[in-house]
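Residue-level listing of the chains:
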Amino acid sequence: MSLTIAVTGLNATDNPAPGVPVIRSIRAGCAAANTDCHIVGLAYDVLDPGNYMADVADDVYLMPFPSQGADVLLTRLEAICTQRPIDVLIPCLDSELSAYLRIQDALRDLGVHLLLPDEAQLKLRSKASFDVLAERLGIPVPKSVVLTDPAKIDTLRETLDFPVMVKGQFYDAYLAHTPLDVRMCFDRLASKWGLPVIVQQFVPGTEFDVACVGDGQGGVMGQVAMRKMQLTDKGKAWGGVTVCDPALDAFVADTVARLKWRGPCEIEVMKAHDDGGLYLIEINPRFPAWIYLSVGAGRNLPWLTVQLALGHTVEPLPPAPAGVLFLRNSVDQICLMDDFQSLTTTGELHKPARPEVLR
Amino acid sequence: MSHMPYVKPTIIQHINSLANKHGRGPSRHSLERIDGVSLTELLERFGSPLFVFSERRLRQRVREVRRAFDLRYPKVQFAWSYKTNYLDAICMVMHDEGAWAEVVSEVEYELALRNGVPPTQILFNGPYKPLPALKNALADGSKVHLDHYDELYAAEQIARELGRKVPVTLRLNMDTGVHPRWDRFGFNLDNGEALSAIRRLHAGGHLELEGLHCHVGTFILDPQAYGRAAARLAQLAIDVRRETGVPVRTLDLGGGFASRATLHAQYAPGTDSTPPVDDYAEAIADALLSAGFPPDELPTLLLETGRSMVDESGSLITRVVANKRLANGARSVVIDAGVNVLFTSFWYRHDVLPVVDRGGMLEDTVVYGPLCMNIDVVRPSVLLPPLEIGDALVVRPVGAYNVTQSMQFIRLRPAMIMIGRDGEVDLIRRAEELDDVKRAEHLPARFRKS
Amino acid sequence: MFDNLALSDNGFLFDTRTGSTYSLSSTGTLLLRSLIAGAAPDGLPAVLVDEFELDGRTAAQDVEQFLLRLRDLRLVASDTPPTEAV
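Protein chains in written order, with the numbering used here: chain A, 1 to 359; chain B, 1001 to 1450; chain C, 2001 to 2086.
Treat the hints loosely; a few may be bogus.
As the list claims (entries may be wrong) - Result set (SDA-like, lysine to any residue): computed pairs, CA atoms no more than 20 Å apart in a straight line: (1) A:Lys123 - A:Asp161; (2) A:Lys123 - B:Leu1221; (3) B:Lys1324 - C:Ile2036; (4) A:Lys152 - B:Leu1152; (5) A:Lys236 - A:Tyr171; (6) B:Lys1135 - B:Leu1152; (7) B:Lys1324 - C:Asp2072; (8) B:Lys1324 - C:Ala2037; (9) B:Lys1165 - B:Glu1243; (10) A:Lys152 - A:Gly194; (11) A:Lys192 - B:His1264; (12) A:Lys123 - B:Pro1275; (13) A:Lys152 - B:Ala1154; (14) A:Lys152 - B:Asn1188; (15) A:Lys123 - A:Pro142; (16) A:Lys260 - A:Gly194; (17) A:Lys192 - A:Leu93; (18) B:Lys1135 - B:Ala1154; (19) B:Lys1324 - C:Arg2057; (20) A:Lys123 - B:Thr1274; (21) B:Lys1075 - B:Val1246; (22) B:Lys1324 - C:Arg2071; (23) A:Lys123 - B:Arg1228; (24) A:Lys123 - B:Asp1278; (25) A:Lys152 - B:Arg1181; (26) A:Lys123 - B:Pro1223; (27) B:Lys1324 - B:Gly1390; (28) A:Lys123 - B:Asp1222; (29) A:Lys228 - A:Thr206; (30) A:Lys123 - A:Glu96; (31) B:Lys1075 - B:Glu1210; (32) A:Lys271 - A:Thr206; (33) A:Lys351 - A:Tyr44.
As the list claims (entries may be wrong) - Not everything, but these chain A residues come out facing chain C in the computed CB check (under 8 Å): (34) Leu3; (35) Gln341; (36) Thr344; (37) Thr345.
It should be emphasised that the hints constitute simulated quantities derived from the structure, not laboratory data.
Beta carbons are placed, not taken as given, at the ideal position from N, Cα and C, and that holds for glycine.
So here's chain A without its partners, still in its complex pose (with noise of 0.2 Å):
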C-alpha cells in the first residue's frame, strides 16, 4: 500500500510551524507499519528550512498565503493534484484551517481527506468565545472579559483580581498588574490583532500542553500531556517532558467530549497552585511544534490522524506515558543553490527517489 499525505508549515525557525515534526511523526508510522509513503510539502515561503531538510517532504510546492483566500487554495491543489494525487492532508497552521474548512467538499470530491473540526467548534475555541465555553459547555475556564472599548478597562476590577492576563484575540498575551498595564497592552494587542482584546483572570499555577486527537463524537482517540522543561524568549517550549496524571487525562477527556472536537488540537491547561483545580487557557487547533515526542511516547498522534482521515477503525490509544524527554536543537543545513532556484522560479521542488534503505 503506498499514500501520499501533503502537510502545511515547513517553517522551522526558533518559532516552527508544527509541519516538520508532524512528517517526520508520519514518516515513522508509515515505517512502522510498513506502507510507502510520499510526503508533499506545502510551503508558504522559499526559505522554510523544511522544504530543503533531507527525509522530511519528497515534493515541495509554495502555496499562495491564506489571505489570498479559499479559492486561490483549492485552484493550487487541484493543480497538484494533477501532478500528485494527495490521500490525506493536514493543515497545521490556525490561519489557514477557515479556508481548509472551506474547500474541504471540493477537496473530498479530489480523493483528499482531512481531519477538520466543523466551523462551530473552531469558533467556539477563539478566546473571544471562552466564556460561552464556560456558560453553556460547563468548561472551567479563568474568568474572562472580552474588551472592544478601552473605556472600560477601569471597571475591570469589578470582575477580575489583578493581576490578569491580557491576549490579542489570535496570538499574544502580557501579565498586566494595573489598569495601566492593561492600557498599554490593550492598545498594542489591538493595534496587531485587532479586536477583541480579552482579560483573563491570572492564575498562578503550572502549566501543562496536551496535544490530542479527538473523533468528533466526543471521543479522545490519543493524547500526549507534557510539561514544559526549557522555553525560548517567546515562551514557547524549547524542551519538555511527558508527564501522567489523571486528573489532566480525564480533564482533556471531558473538555474533547463537551466540545465534540474533530481532528487535532492542542489543549493549555493551568493546575493552580492553591487548591490544584484545573482551568483550560487554551485550544489551539491544530498540533502543537512539540508533537514529535509523541512519536517517542509510543502515541503517535499525526499517524493516528492520517488513518482516521482515511476512515479507517481504529482503538483508542491509551495516555502517555510519563518521563519521556525532549529537547529540540538547531542545526545549520546546507541547501543547493538549485533547489532554491527551483522553488523560487517554478513553486515546485521535487526531490530524488528516496534509496530503498530509507524507507
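Here the structure of chain A is known, so what remains is to put chains B and C in place on it, guided by the hints.
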C-alpha cells in the same frame, strides 16, 4: 522569429524571501466582460473611466437577502438606504424589488418622492431634519425616527399643530460588543436615556411610539451583534407594552451588513470572511422569535440594508495613463480614476485586475489615481502584470457610496451605465461637463470682462 | 563585466558578488543574456525586433526601461548610457 508571445522585459529582486508573493500560477485574474458585455467596447463607446452597474447582479442580491429574512421571519420590510447610491436607475430597481426608501435629509426625501415612493413608505432618519421637512414628513405619515430630545419636542409641537396623535419611531444606541460604538445617534439604552425618553413621549400625550430603531454600525462582520441588538430592542418593546398597554409595531435593525469588499486591515479576502446574509437573518430572527411577543403582536422587522445590496453590482473601469518607478524601485501605475470618485479606497482593498492579461511577470504595484494630491492612492499594493498606456483595469466592488460621495475635485465625474437583464446597455448618468459644475455659480458684474 | 552574474535559462539570476537573487521574464532573460554575451545596449532593441513581432519604438522604450531597472538594481554600472528611444 520566436513562437513565444512578447512579454515585457522584467526583473524582480527577491527581497526578504517574499518571493512567493511574486509567484506565478494561481493568482492571475482578469475580467474581460461583465454580464457578457465587453468592457473594452464599453470604454470605446462611453469613455474612461466608467462606472458599470449590473442590473442582474443587483436584483439577484436583493432577492437573496430578502429570501434569507423571509424564510425566517414572517413580517419583513426592506427600505433602500438612499445615501448608499441614489442614481435613479439603481433606486428604481430597488423599489421595483419591493423596497421602501430610507432617507437621511430633506434632499433625499425629495428624491424618494420624485421616484414615486409614497410618503408612508419613507423612513426618515438622521440627526438633522429641518423643521419644514419634519412637518411634512409627520403630516404625510412617513416613519420619522427621532434622534434626540430636541427633535422629540419639535415633533410634539407639530403634532399639537396637526391636532392629532402622531406615530414616531425612536432611534436607540447600545453596546452590542461592536467597536467603535455608535453612540452619537439616538437615545442610549444602556444608561436609561431610552426608557426615560419613551416615558416622556407617552406622558406628553401627543406622540405615539410606533417603532424602535437601532443601527449597530457599518461593515459589521459579526452577525451576533445584530442578535444582541434585536434581543434588547425586543425586550424593551415588551417592557413598553407592559407599561403603556400599546404594542410597538415595528423594530428597525438598520443596516451595516458587510459586503464582500475587503477592509485594508482584514487578513482574509471579503469573499471568504464576510458572513453569508443567512447568518445575519438567523441572528435577528432568532432573537425576535424567542423574545416572547404574543403571536398576534409580532412586530414588523424593518431593514435599511444598503452596502450589502448594491456594492457588488458596481465596478469601475479605468485606463492606465502612466507606468512609473518610485525612488525605492517599487513599481507604480497611474490610472485615470482617483479617490474623488473612489472614496471607498481609503477603507477597502478593492480588487484591481486587468481587463486583458497579456502575460508577463506579476509585480507588486502601487495604483495611483490621476489627482495632483498625495492621498490619491487606489491600492497601496497589488500584483499586476506589465501594463501599457491605455490598458483597461477593473476596480471592484464599488457599487456602494462611491457615486454618492464622489466629487468634482480636479477632475469631473465620469459616465455611468447599467447593463440590463438582457444585456442591454443604458447610459444612466452622462459624463459631467464644466457647465454642470459652474451652473450654480454667479460671478459679480465687476469681475466680468467686457 | 558581467562575470558575477549567473543567469539560468528559466530566468533565475544569482549575483555572486552580492548574494542577491532575482527573477526575470523570458524577454528580460533574453536581453540580459545578450548583454552578458557582450551585446552593446544600443543593439538590444534590434534583438527584440528580430525575435518578436514588435515595432521598433516599443522595443526601444521597453529596453530603455529595462536598462534603467538594471541600473537601479546596480546590476550594470550606472554610467552605462541608456539607449535613446526613437
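- Query: So which of the earlier hints does this model not fit?
  - Reply: Per hint list: 1, 3, 4, 8, 13, 16, 34 violated.
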